[in-house]
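**Student:** So the protein lines, in turn, are chains H and R.
Counting in my numbering, the first sequence runs from 1 upward without gaps.
Counting in my numbering, the second sequence runs from 1 upward without gaps.
A few of these clues could be false.
To be verified - Taking lysine-lysine and the DSSO-like style, the derived pairs with C-alpha atoms no more than 30 Å apart in a straight line are: (1) H:K75 - R:K19; (2) R:K236 - H:K139; (3) H:K135 - R:K236; (4) H:K75 - R:K143.
It is worth saying that the hints were derived from the structure and are not from the lab.
Number of protein chains: 2
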Amino acid sequence: MYTAKITMSSSYFLADTIKTYYEDHGDNRSYPLILIHPIGGNVLIWHHEISLLLKSGFRVIAYELRGHYRTNMGKVGAYTMQDLVNDLHQLLKHLNIKRCSIIGHSIGGIIASMYAAQFPDSVDAIVLINSSPRKFEEKDLEKHFKTREVAIRDGIEALAEYKLQTFDETRDLLKDKRHSDFFRDVFTKTSVEGFVAATIALYTVPENVVEKLQTSNCKVFAIVGSDDDVFTRLLKETKEEMPEMELKVLDGSDHWVIIEKPKEMYDILMNFLRKLQ
Amino acid sequence: MYTAKITMSSSYFLADTIKTYYEDHGDNRSYPLILIHPIGGNVLIWHHEISLLLKSGFRVIAYELRGHYRTNMGKVGAYTMQDLVNDLHQLLKHLNIKRCSIIGHSIGGIIASMYAAQFPDSVDAIVLINSSPRKFEEKDLEKHFKTREVAIRDGIEALAEYKLQTFDETRDLLKDKRHSDFFRDVFTKTSVEGFVAATIALYTVPENVVEKLQTSNCKVFAIVGSDDDVFTRLLKETKEEMPEMELKVLDGSDHWVIIEKPKEMYDILMNFLRKLQ
Chain H
1 MYTAKITMSS SYFLADTIKT YYEDHGDNRS YPLILIHPIG GNVLIWHHEI SLLLKSGFRV
61 IAYELRGHYR TNMGKVGAYT MQDLVNDLHQ LLKHLNIKRC SIIGHSIGGI IASMYAAQFP
121 DSVDAIVLIN SSPRKFEEKD LEKHFKTREV AIRDGIEALA EYKLQTFDET RDLLKDKRHS
181 DFFRDVFTKT SVEGFVAATI ALYTVPENVV EKLQTSNCKV FAIVGSDDDV FTRLLKETKE
241 EMPEMELKVL DGSDHWVIIE KPKEMYDILM NFLRKLQ
Chain R
1 MYTAKITMSS SYFLADTIKT YYEDHGDNRS YPLILIHPIG GNVLIWHHEI SLLLKSGFRV
61 IAYELRGHYR TNMGKVGAYT MQDLVNDLHQ LLKHLNIKRC SIIGHSIGGI IASMYAAQFP
121 DSVDAIVLIN SSPRKFEEKD LEKHFKTREV AIRDGIEALA EYKLQTFDET RDLLKDKRHS
181 DFFRDVFTKT SVEGFVAATI ALYTVPENVV EKLQTSNCKV FAIVGSDDDV FTRLLKETKE
241 EMPEMELKVL DGSDHWVIIE KPKEMYDILM NFLRKLQ
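Use the sequences and the hints to build the structure in full.
**Tutor:** Below you can see the structure in the form of structure tokens.
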């Protein structure tokens, strides 16, 4: 299916005490796209995107955040968003990638935004999938008081079920058993510690990311499921501050668009990426 | 020195996976004061206050926050301010304390404020020592990017030295060897994990604490060292919103007033506590 020159290497990159798992797909002379998964995600969640983007001729690098599946937590069990940005910076330095575009889902898009704001000469474009560069409101994060409690008390499998049964954003996945099974399979590979730390890191999104993106040359694209209230609101606010951002709304979809609508997502993604040339 | 009926018990209280260390000094029929230490502190830091408040006839309960000296971190290495408030709630329930006043230094005062805002019928007064019920500004917390890095990379002893040599707030302690030795002795009993988690928890202070305190009957007193810029500013802003708060400024003192000026602090404290009757 792939041409012979396409190679894949999966490896660990060690920065301080964080051993970051990453996969490097395709020709390393091709243009690099970096994929960053959401909280409770990992490289597995991108399997459609990796295969489709590879066929379109990109080099695709996907890695796992602290405490998610094959990346460890390091010496301590708490981190800020800036720590996650530093981890990405170390990884790109290690891979000797000087310019790239970054595709991030949810927390992954926040990392992409902060990275592009901090290293404007290294990032041509960011694609935010159900994500935004704006600071959350306090109420947006309150649901995680309960998710953390369930995770700590009952474990990550119980949290996956709790999310599927309780949250609008994941309840849609139950309509298709393949979707809910896939969600369970990916989500339960997250460590409780990683989940807790990541949801608390959401409080540490800096205030000036949009402002910094405005003064950079980095293109900003965004995709949001119409039923994802929080990110629909945050992206609407972002669009007001940054009218040049291209925003696509995927009707009848919620937070987990990657799982629910891979084909539609890919079409929008390619439409964005074509504008980079 | 103490009368016979004064007893002290030190014990652990277990809530979920958190084993909270606490000391319960004095007659349990006396009015209870709860002491909450700052980040990098523990029960040792209150030794002057415990002895003086005991002689004044109070029951004095001091405990240690997650990851600080004799209290463990539990299953995960990250927590929010609300988790610390819940720990205090569990402890007071365990001790069957229905009404009390709370004295908190720095993060301890934030916990006191949030607790009083949430349980207005349980708290007669809070005393904030270099602390405030207001949310921090982003820049107030930026110094901890460096302190966390030092702690994780070089350990807690190195962080104690770094703080003593670098920070205005602790540099004053070097003027008196007894102060700096005492600071080192207390501070280095903190776990790296506890320090990191607590500094990140500072991002999670809710916005509406002052508002809730205004509508409660809880009296609010505050003491601040004149050289502590952050808390002087935050307390000035608090005073504007809540003019009934009594604020005392301790001239020529910084963040570690407990260590630097125990006598002056005690006089102000007793002056506050006399108003409770």
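**Student:** Give a verdict on every hint.
**Tutor:** Each hint tested on the structure:
{"no.": "1", "hint": "H:K75 - R:K19", "result": "holds (21 Å)"}
{"no.": "2", "hint": "R:K236 - H:K139", "result": "holds (27 Å)"}
{"no.": "3", "hint": "H:K135 - R:K236", "result": "holds (26 Å)"}
{"no.": "4", "hint": "H:K75 - R:K143", "result": "holds (20 Å)"}
Checked against the numbered hints given earlier, the structure satisfies every one of them.
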